[in-house]
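Asks: If you read the sequences in order, they're chains A and B.
Numbering follows UniProt numbering, with no gaps: position 237 of the first sequence is 237.
Numbering follows UniProt numbering, with no gaps: position 193 of the second sequence is 193.
Simulated from the structure, these hints should not be mistaken for lab results.
A portion of the hints provided could be inaccurate.
No copy is singled out in the list; a pair is fine if it fits within one copy or between any two copies.
List of simulated lysine to aspartate or glutamate pairs, EDC-like, C-alpha gap at most 20 angstroms [said to hold, decoys possible]:
no., residue 1, residue 2
1, K135, E261
2, K3, E261
3, K134, E261
4, K135, E306
5, K135, D297
Residues per chain are reported as follows:
There are 2 protein chains.
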Amino acid sequence: MLKTPYLLFLGDAPDPLAAKVAQGIKDWRPEHALGQLRLEGCQADMRLPDMTIAEAVEQGARTLVIGVANRGGVISERWLDVLEQAMAAGMDIASGLHNLLTDEPRLVDAAARHQVALFDVRVPQVSYPIGDGKKRTGKRCLPVGTDCSVGKMYTALAIDKALKARNVPSDFRATGQTGILVTGQGVPLDAVVADFMAGAVEWLSPDNTPEHWDIIEGQGSLYHPSFSGVTMALIHGGQPDALVLCHEPTRTHMRGLPHYELPTLEQLMAVALPLARIVNPACQVIGVSVNTAAFSDEEATAYLEELEARMKMPCVDPFRHGAARLAEALLAC
Amino acid sequence: MLKTPYLLFLGDAPDPLAAKVAQGIKDWRPEHALGQLRLEGCQADMRLPDMTIAEAVEQGARTLVIGVANRGGVISERWLDVLEQAMAAGMDIASGLHNLLTDEPRLVDAAARHQVALFDVRVPQVSYPIGDGKKRTGKRCLPVGTDCSVGKMYTALAIDKALKARNVPSDFRATGQTGILVTGQGVPLDAVVADFMAGAVEWLSPDNTPEHWDIIEGQGSLYHPSFSGVTMALIHGGQPDALVLCHEPTRTHMRGLPHYELPTLEQLMAVALPLARIVNPACQVIGVSVNTAAFSDEEATAYLEELEARMKMPCVDPFRHGAARLAEALLAC
């Protein structure tokens, strides 16, 4: 579990998109985002106070989070200097980068010297159990997608927020590196060894009070041949009471696989629901979350109305319209 | 890839079942099984020539395969003595034990000293790619089970043998430690990191000639919540043209999960076939393989006849009756 609040390191981000991890933290856990640290040439701005390391520590920052992708997969000397200063000032460092902090001798030495921690959130930190499929108390919702990268994390975070706004006890359960950095904890599921995937999801979403909802971050897609096994483990380890179907209507083929068409929402539902009912016979599909970023407001509204008439359940874009209707559908189920 | 032929080490097996790895090699790759080495008190016998290490090496043995489970998860001093002698005589050592050869300093030292190899077949030896789902040439068959441990490996080996008997080019593709020791190569799929599972199966079963069959060893079950993600990766990475449903009719609940009933064969087919058709729209279920060990000959025959009338496809116990009809069904598809 990462110590909060964070100083968000934006480095020399070449554009705002490169800082999407920082943006996620700012959007979803603003109470963790104390300030930002930008290097010369940084093209991203979270509209947070710019801080030096000394200022951040003085104001209580506990962890420097690398909120930006690095260029060319190398942690540059400029970055290393900053990270070392942060450790010298007593901060932990957290990163979701592919190349690991713990592979950088300078950082490992500095962490030992200053008795602070390096968190590579892509690396599992726990020996997860083998799943046992036992029914757990509390309720669970899992977004499943017609493809990878259609907005499952965003959907889960938005539902979690909408439940909390209704004073319903809820936790977003992160299963990927961005989600883990946003919430400070979770399971990097795609890095877990096959035999322990379902058990890791069970560990992530333990018994809870009857009215509590875990909103579990989805991964992959049952229709994406590269990663469907991870999705399967989420469905069986997650034991969802409710599935939300996630979709991006302008995508022409499965992400990275031009030889695969996307399934329809009906096809996804026909495959996902029987699988979910193996572990939770009461599971229902309660709504559809659509990423309508490619549409105008009018197009989005027209698309969602048509889809809702077809699917006969709430169909919303949580970014455009919020997740209130999905939260209401969850509470009704 | 393990060097053949093998000397099968049966150790101090407390009963024949403990030596099932050795039995598998003897049954399915007798040409690899040069002889056996038994310690005092060994209750297993492969009916192979008993050999000392010197005799085995003289007759050409290249690898000592640990064909027996160890007691209490410890590699005993007695075993270590034998393994060290085998290495001194120039043999590699291969093992599917949970506790690894490479965790034993004595063995690691001896391997370096004698320039031989230690193969822990539970540990992936390859950096597998991420799966790409591209259609591969050649044909593939995958057994899928109503549960774990219902005879999927046996079924695959029996089909492979029946195809070879018909001069059809065929390979058994091992995905578990016993299968890897039997054939000398394969992927220990349950130890592969989640993101690479499907890619590992694609790697295991590459492009081949159009008439060639890969018979891929199954793992887990779509209905077994602990391991269904592994099964899913096999279905999507394996890209099967043909599925064989595997079943053990007297089992009262899912293995290790008394709170889960077994699905019917129809339920398994209804879930598995649409998933397989995502990567291979031509995929068919060509038959059922039943483990009738708990039945008399008469009961088995009656059960299979009734099942065949119900399923309208060949239903056989390959152990009792051979896999000829499954092989014929494959060739017809």
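Asks: A separate judgement is required for each hint: does it hold in the structure or not?
Replies: Structure-based check of all given hints:
1. Only between protomers do K135 and E261 lie at most 20 angstroms apart by alpha-carbon distance; the minimum there is 14 angstroms, versus 35 angstroms within a single protomer.
2. For a Cα distance limit of 20 angstroms, the shortest separation of K3 from E261 qualifies neither inside one copy, at 43 angstroms, nor across copies, at 44 angstroms.
3. Taking the closest pair of Cα atoms, K134 and E261 come within 20 angstroms of each other only across two copies (13 angstroms); inside a single copy the shortest separation is 36 angstroms, beyond that limit.
4. In this assembly of identical chains, the alpha carbons of K135 and E306 never lie at most 20 angstroms apart, being 37 angstroms within a copy and 35 angstroms across copies at closest.
5. In this assembly of identical chains, K135 and D297 lie within 20 angstroms of each other by CA distance neither inside one copy nor across copies; the values are 42 angstroms within and 40 angstroms between.
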